[in-house]
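Engineer: Read top to bottom, the protein sequences are chains A and B. Yeah, the first sequence ends on 339 if you go by the numbering used here, and it's all consecutive. Yeah, the second sequence ends on 1374 if you go by the numbering used here, and it's all consecutive.
Careful, some of the hints might be misleading.
Each computed SDA-like pair below joins lysine to any residue, with the alpha-carbon atoms no more than 25 angstroms apart [said to hold, decoys possible]:
hint, chain 1, residue 1, chain 2, residue 2
1, B, K1298, B, V1023
2, B, K1186, A, W300
3, A, K143, B, V1023
4, B, K1179, B, I1248
5, B, K1196, A, L85
Where chain A lies over chain B, by a calculated footprint (3+ residues, C-beta under 8 angstroms) [what the hints assert, rightly or not]:
hint, region
6, 1081 to 1088
7, 1303 to 1313
8, 1318 to 1326
9, 1354 to 1366
Quick caveat, the hints were computed from the structure, so don't treat them as lab data. Even glycine gets a Cβ: it sits at the ideal position worked out from N, Cα and C.
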Amino acid sequence: MVEILQEYLPFPIMAFAIHASIPLIIILPYALVAIWLERKVSAHMQDRLGPMRVGGWHGWAQTIADMVKLLQKEDIVPRNADRFLFKFGPYVAFMASYGAFAVIPFSSEYVGAHLDVGALYVVAITSLVTLGILMGGWASNNKWSLLGAMRTAAQIVSYEIPTVVAVLSVVVAAGTLNLMTISEMQSGSIFNWLVFHSPFMFLAFILFFIAGIAESNRNPFDLPESESELVGGFQTEYSGMRWGIYMLTEYADMFLVSLLASVLFLGAWNSPFGEFMSGPIWGVFWMIVKGMFFVFVMMWLRWTLPRLRVDQLMDVCWKYLIPFAFINLVLIALWEMIF
Amino acid sequence: MPELRTEEMVINMGPQHPSTHGVLRVELVLDGEIVVDAIPHIGYLHRCFEKHSESMNDYQQVIPYVDRMDYVAAISNELGYAIAMERMLDIQVPERVEYIRVIFAELQRIASHLLALGTYGLDIGAFTPFLHCFRERERILDIFESTCGARLLYNYIWVGGLSHDVPDNFKNKVRDFIKYFPPKIKGYNDLLSYNKIFIDRTADVGVLPADVAVNCGASGPVLRGSGVEWDLRRHDPYSIYDRFDFDIVVGKGEMGTVGDCWDRYIVRVREMEQSLRIIEQAVEQMPDEGDVKEAIPKRIRPDAGEVYARTETPRGDLGYYIISDGSMSPYRVKARSPCFVHTGLIPTISRGAMVADVVAIIGSVDIVLGEVDR
């Protein structure tokens, strides 16, 4: 892709800049749709309607209106807050999430960066989100934010381990860290998808998804921003577009986890119907469909389940998910050896 | 080796907080996540009702004030006051009035418990049951609105009778509600009550032992959740409650210890079912003839004296102590508020819990600040 751009543009740097902002073109409309979808999904689950007016049909332009509102809000920085960290925190979190989109293969022809260690890179860079959240919580000069930030740090760092082990299961089965190669391995028919590779892969998929929900701070793991207790956790003091960036990070994380789940387990850009509806452009369509499906499942879980308390969250991770993940990994490795 | 210096953090669960049900300020002294002490500060909603009542020219004019104390269960407040005054004036209200009052009081109990359950789910993080509970509440509020015109603060139960008679299709509406509601309770049990995460958050949390509850003066679902079988409708009957057959729901520690948050929560859910039973019997037995205003005195001028009457509201044992000096306006109206007593219980049961548990505990005790502060 970069090469194509480089042909048409006078300076290579322009080609790189445009190429680097392609994920932005994916994330921003996605966030617009996802926030609207969340409001509609939650509304219909709660026996009400959600946005209905803005933009005509079922309020589809509601998010755009909200963005405009956020942009024109007063930029409040609390008096004794650490100004630099306060302002920079949201961007660090978003940058980390954004960086991971570089290696997601959106179709057989397009991947942002052809990294041979794609899976490792993704896992590594999403852990930087913790840094952004900690910066936000600490710099707010607010005890509630600090509590929220501490909880987040503990939670995200802990849940990285089941995520990594689940990704490792895929790597063991596929033999490569390169996400594009993993996607190509699953082409052909739906039974080539890695989730059907062995019964333990299905377990790995479930583990990955649960750990992914915890990684993106969604209910039932949303203690860091638990609205009922800590008012807003690390986001309490943020208003306007800074808060908007944190929200964007959360939705980008959700999409990232969903996309990763589809890439690693569910055939990435491959059509479930084999040859029918497959091709480079269809690939993007299938990626987005699979990603949005899991985003929908995350929303579904959010509006159904109560929230776990911090120590219960940690229990779930260290006492249940991690042992299961490791045992699962060993079993998958054995399966690979035997079959 | 020098001691690691750790401090206890004093944090304010401030008057503005999404989960303290109203303007309650709880000063939490925390050691990390564990609560060392929780000191409630109240008075943010004090509106001097009792003092205002003293300048009312008529005892009937106190009713709107009394409404606004526990604004979630207004009928129960009015009923308590009316019963206290009728005891002082020795008025016997007609049968029809008694039955309508009981039906309304029990409907109000269901509505209040629905709100308690919904907001409790919200505190724990389950957003959806809140809206489902409010959908049911709307049905009850529709019945209230068709009768007296108001949805929340009714000014309906007057000393000696009621302000309006019920509309023509009242019995049918109530019967429709009785048929409509039980599947919804099953829905709440499926969605929230037996949900593993909810049980983990509330079982064995905020355990209130029975002797502590009795010694601290707890009443209502808080007391019954600790296993003590005490309900004023059975043990100190007022109005016509002795004619109805209903069970007293008591916490048995099904999911954890007796007296934990889950017990208090499930006591409220099951009390809704019992209230439905009472309403069913009352609607069958209710006489169709009778003037609801015939016993309302033209002028209320009680002899000098005092009266204390208590009733079972959704929150507990609400008592009214009314002193009259023989004139048209009350000398003193004192409301013994159950929520006030329960607020005093919060420190006792929160020590040793975590910050998230404090929210669960305050929600399970179900205080309404209007009644705490008056």
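Engineer: Can the restraint linking B/K1196 and A/L85 be considered satisfied, given a maximum Cα separation of 25 angstroms?
Structural biologist: violated, 39 angstroms
Engineer: Are there three or more residues in the region 1303 to 1313 of chain B whose C-beta lies closer than 8 angstroms to some C-beta of chain A?
Structural biologist: It is violated: at least three residues are needed, and the region 1303 to 1313 of chain B offers just 0 whose Cβ sits closer than 8 angstroms to chain A.
Engineer: Does the structure keep B/K1298 and B/V1023 at a Cα separation of 25 angstroms or less?
Structural biologist: Violated. B/K1298 to B/V1023 sits at ~39 angstroms, over the 25 angstroms cutoff.
Engineer: Given the hinted pair A/K143 and B/V1023, is their alpha-carbon gap at most 25 angstroms?
Structural biologist: holds, 20 angstroms
Engineer: According to a criterion of three or more residues whose C-beta lies within less than 8 angstroms of a C-beta of chain A, is the region 1081 to 1088 of chain B covered?
Structural biologist: Our answer is that it is violated, as 0 residues pass the Cβ test (under 8 angstroms) against chain A, missing three.
Engineer: Quickly compare the C-alpha distance for B/K1179 and B/I1248 to 25 angstroms and report which way the hint goes.
Structural biologist: Answer holds: B/K1179 to B/I1248 is near 22 angstroms, not above 25 angstroms.
Engineer: Please check whether the region 1354 to 1366 of chain B has three or more residues whose CB lies within less than 8 angstroms of a CB on chain A.
Structural biologist: holds (count 5)
Engineer: Taking 25 angstroms as the top limit, are the C-alpha atoms of B/K1186 and A/W300 close enough?
Structural biologist: holds, 21 angstroms
Engineer: At a Cβ distance under 8 angstroms, does chain A reach at least three residues of the region 1318 to 1326 of chain B?
Structural biologist: violated (count 0)
Consistency with the previously given hints fails for numbers 1, 5, 6, 7 and 8, ordered from lowest to highest.
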